[in-house]
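Engineer: Required output: the full structure, derived from the provided sequences and hints.
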Amino acid sequence: MELNIDIEGMSCMHCARTVKTALEGVPGVVRADVSWERGKAVVEADAIEMDRLVEAVNETEAYKIVR
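Residue numbers for the sequence shown follow my numbering, beginning at 771 and rising by one.
Simulated from the structure, these hints should not be mistaken for laboratory data. None of the values given here were measured: they were computed from a predicted structure. Glycine included, every Cβ here is placed at the ideal spot set by N, Cα and C. Heads up, some of the hints might be wrong.
Simulated pairs of lysine-lysine, DSS-like, Cα-Cα distance not exceeding 27 angstroms [said to hold, decoys possible]:
hint	residue 1	residue 2
1	810	834
2	810	790
3	834	790
Ranges between beta-carbon positions, derived for each pair [said to hold, decoys possible]:
hint	residue 1	residue 2	range
4	834	783	16 to 24 angstroms
5	791	836	16 to 24 angstroms
6	816	781	25 to 33 angstroms
7	817	781	29 to 37 angstroms
8	772	807	14 to 22 angstroms
Structural biologist: So, in structure tokens, the structure goes:
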């Protein structure tokens, strides 16, 4: 499945890398493409709960998924 996610707080390539690493660390996530310019991420995953992705991004303490 493919999920399109809005993310607040990113302002540079380093931010996008941090979010990408957090998302790809969630079991079931196959790939995450993150754009800090658009404030978006596209996540390719096997069956996964959105709450697990929210937790992973929130744990960075700098970025937030917008629902």
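Engineer: Next, verify each hint and record whether it holds.
Structural biologist: Taking the hints in turn, this is what the structure says about them:
1. A C-alpha spacing of about 11 angstroms is found between residue 810 and residue 834, which places the hinted pair at or below 27 angstroms, so the restraint holds.
2. Restraint check for residue 810 and residue 790: satisfied, since their Cα atoms lie roughly 11 angstroms apart, inside the 27 angstroms limit.
3. Of the pairs offered as hints, the one joining residue 834 and residue 790 holds, with about 13 angstroms between alpha carbons and a cut-off of 27 angstroms not exceeded.
4. In this structure the hint that residue 834 and residue 783 lie 16 to 24 angstroms apart at CB holds, the actual value being about 19 angstroms.
5. Between residue 791 and residue 836 the C-beta distance comes to about 19 angstroms, which sits within the given range of 16 to 24 angstroms.
6. Between residue 816 and residue 781 the beta carbons are some 31 angstroms apart, a value that agrees with the proposed interval 25 to 33 angstroms.
7. In this structure, residue 817 and residue 781 meet the distance hint of 29 to 37 angstroms, their C-beta atoms being roughly 32 angstroms apart.
8. In this structure the hint that residue 772 and residue 807 lie 14 to 22 angstroms apart at CB holds, the actual value being about 20 angstroms.
Every hint, counting from the list given before, is met by this structure.
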